[in-house]
Amino acid sequence: MSDRTAGIRAIAGKWLQEGTVEAVLGWEQGTYRDKTAPVLVRKAEEVDRLVFNERCTNNLMTYLKRDPVRSLSTVGIVAKGCDIKALIGLIQESQVPREKVKILAVTCPGVRNADGKRPVKCAACDVNTPVFYDEIVGEKIASNPDRAARFRDVEALEAMTPEERHRFWREQFDKCIRCYACRQACPLCICSRCIAEKNQPQWIETSAHPRGNFAWNLIRAYHLAGRCIECEACETACPADIPLMLLNRYMAKVVEQSFGYEAGRDPQAQPPLRTFKLDDDNSFIL
Amino acid sequence: MTTEAGGSKAPAAWEPKIVAFICNWCTYTGADLAGTSRMKYPPNVRVIKIPCTGRFDPLFMLKAFERGADGVLVSGCHPGDCHYTAGNYNARRKFTVWRKLLDFAGIDLDRVWFSWISAAEGGKWVETVRNFTETIRAKGPFREYGEMIDVR
Numbered sequence: 015m016s017d018r019t020a021g022i023r024a025i026a027g028k029w030l031q032e033g034t035v036e037a038v039l040g041w042e043q044g045t046y047r048d049k050t051a052p053v054l055v056r057k058a059e060e061v062d063r064l065v066f067n068e069r070c071t072n073n074l075m076t077y078l079k080r081d082p083v084r085s086l087s088t089v090g091i092v093a094k095g096c097d098i099k100a101l102i103g104l105i106q107e108s109q110v111p112r113e114k115v116k117i118l119a120v121t122c123p124g125v126r127n128a129d130g131k132r133p134v135k136c137a138a139c140d141v142n143t144p145v146f147y148d149e150i151v152g153e154k155i156a157s158n159p160d161r162a163a164r165f166r167d168v169e170a171l172e173a174m175t176p177e178e179r180h181r182f183w184r185e186q187f188d189k190c191i192r193c194y195a196c197r198q199a200c201p202l203c204i205c206s207r208c209i210a211e212k213n214q215p216q217w218i219e220t221s222a223h224p225r226g227n228f229a230w231n232l233i234r235a236y237h238l239a240g241r242c243i244e245c246e247a248c249e250t251a252c253p254a255d256i257p258l259m260l261l262n263r264y265m266a267k268v269v270e271q272s273f274g275y276e277a278g279r280d281p282q283a284q285p286p287l288r289t290f291k292l293d294d295d296n297s298f299i300l
Numbered sequence: 064m065t066t067e068a069g070g071s072k073a074p075a076a077w078e079p080k081i082v083a084f085i086c087n088w089c090t091y092t093g094a095d096l097a098g099t100s101r102m103k104y105p106p107n108v109r110v111i112k113i114p115c116t117g118r119f120d121p122l123f124m125l126k127a128f129e130r131g132a133d134g135v136l137v138s139g140c141h142p143g144d145c146h147y148t149a150g151n152y153n154a155r156r157k158f159t160v161w162r163k164l165l166d167f168a169g170i171d172l173d174r175v176w177f178s179w180i181s182a183a184e185g186g187k188w189v190e191t192v193r194n195f196t197e198t199i200r201a202k203g204p205f206r207e208y209g210e211m212i213d214v215r
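In the order they appear, the protein sequences are chains E and V. Under the working numbering, residues 15 to 300 are what the first sequence spells out, in order. Under the working numbering, residues 64 to 215 are what the second sequence spells out, in order.
Just chain E, same shape as in the assembly (with noise of 0.2 Å):
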C-alpha cells in the first residue's frame, strides 16, 4: 500500500469518525487491474476500500452534480491537483457551496489513460502539488509543466485553410453517436436539464446526423468556454474518439488572448462570460 493511500484513509477515516462529512468520495480498485472506480464510503470501517495510484485518471467533482452526493450536507472529496480546478469553478458559479466540501487533495505524479499513455493535461501539469485544499496527503511534488503542450494540436489545426478544418470537423462529428458520454463525464456541464433535451422548441436536432452533430458539439465547447479545467473528462469518455479536448483547448486560447483569464485558479474571480471590460476587442463588429 502507498504512502498516499495510507494517508487518505487515515483522514478520510478521521473525517468520517468525527463526523466531519457525511461520506467521502474516492477511488477503489476498479474489476480490473489497470481501472479505478468511483466510491462513495459512508462509514469509516469501510475507508480501506479507498485507493489512489496512476489509474485515478477519472475526475471526481462530476458526482457533486448527482442526486446521491448533492443531498448531502458535507462531503470530503479526495482530489488530485486539476480535480480541484473543477470544484474552483463551481464554487465561482455558486454551484457548491465551498463550507460543503472537505478536500482531501493529494499530490499527484501524473495519472494514465486506459491506452498507458500520460494525457497532456500531466504534461501540461503546474498543480502536481495542489494549492487549494483542507487536508493533503503525499509528498510534495516540484511541477515542470510543459504550458506549450496544452495547444499544439490546436495550433495544428489553425494553421489550416477554413475548407480543411470544416472538413476535419466533419469526420470527426460524424462519429458522434449522441451518447452525451461528454457532458456526463464534465464536471462543470451542470444543467439539470440541458439545452440538447429541450424539444419544444428542439434546439439542437437529437438525431446523430452531421447537421445535428456540429450543432451538439459546437455548442458544448461555447457552452464550456472560459469555464472548462482541461480534466480531459470528456475525451476520456467519448466512445467515437472525437477530439473533444482540441474544441475546448482552442476556447481556452481564445479566452487566454482575448479576456486574460485561465479557468480554475481564483474561486473569488468573475468567469469571463459573465463580465465584460469596456474596451473588450470591438475590432470585429461593424
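No wet-lab data here; the hints were simulated from the structure. Computed from a prediction, not measured in an experiment: that's the story for all the values here. All residues carry an ideal CB built from backbone N, CA and C; glycine is no exception. Please note that the accuracy of each hint is not assured.
[Unchecked claim] Some chain V residues near chain E, calculated using beta-carbon distances under 7 Å: (1) ASN153; (2) TRP161; (3) LEU164.
[As the list claims (entries may be wrong)] Pairs of lysine-lysine, BS3-like flavour, derived with a Cα cap of 25 Å: (4) E/LYS212 / V/LYS157; (5) V/LYS187 / V/LYS157; (6) E/LYS267 / V/LYS157; (7) E/LYS267 / V/LYS163.
Following the hints, put chain V in place on chain E, whose structure we already have.
Then chain V, alone, in the frame of chain E:
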C-alpha cells in the same frame, strides 16, 4: 419534390437569404427609421427582433443556417447605449468566443456579421444590409451547413 402551382415554371434565380437578429431599442428602431424615411434597401433581409443583443444565443444562428440562411447579421446598440446598461457589453464577449469557434470549425466568417446601429442610424442600417447582401451574393448560397443532413 414539391411543384409550384404554375407547374412548369423555371426555378427562380437564387437570391441571398439573410437573417438579422436585431435589438428592439437601437437597430430595430434604426431600421424603422430607414423605412419611415423611405430609404431603399435590399429585401433579402429577414428581421427578427430580440429585446437586446444580450438575448442573442448562438443557437439562433445555427438554427438560421439549418433552415437555409446564407448569412446572419446580429446588431444592437452601440457600447454605452444599451437600454439595459450592459447587455451589449456582455454580448460582445459572447460574440468574440462564438465567432472564433465558428472559424475553428471552418465556417466562413464572411457570412456572420456583427454591427452596432443606433436608432438614429437608418443610413447605416441601409448601408450594412446592402453591403452584406452584396457580399453574400458574391459568395453564393451557403449549402455546406444546411445540407449536412445527407447520410454518407
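How the hints compare with the structure:
{"no.": "1", "hint": "ASN153", "verdict": "6 Å, holds"}
{"no.": "2", "hint": "TRP161", "verdict": "6 Å, holds"}
{"no.": "3", "hint": "LEU164", "verdict": "6 Å, holds"}
{"no.": "4", "hint": "E/LYS212 / V/LYS157", "verdict": "22 Å, holds"}
{"no.": "5", "hint": "V/LYS187 / V/LYS157", "verdict": "23 Å, holds"}
{"no.": "6", "hint": "E/LYS267 / V/LYS157", "verdict": "15 Å, holds"}
{"no.": "7", "hint": "E/LYS267 / V/LYS163", "verdict": "10 Å, holds"}
This entry satisfies every hint, going by the numbered hints stated previously.
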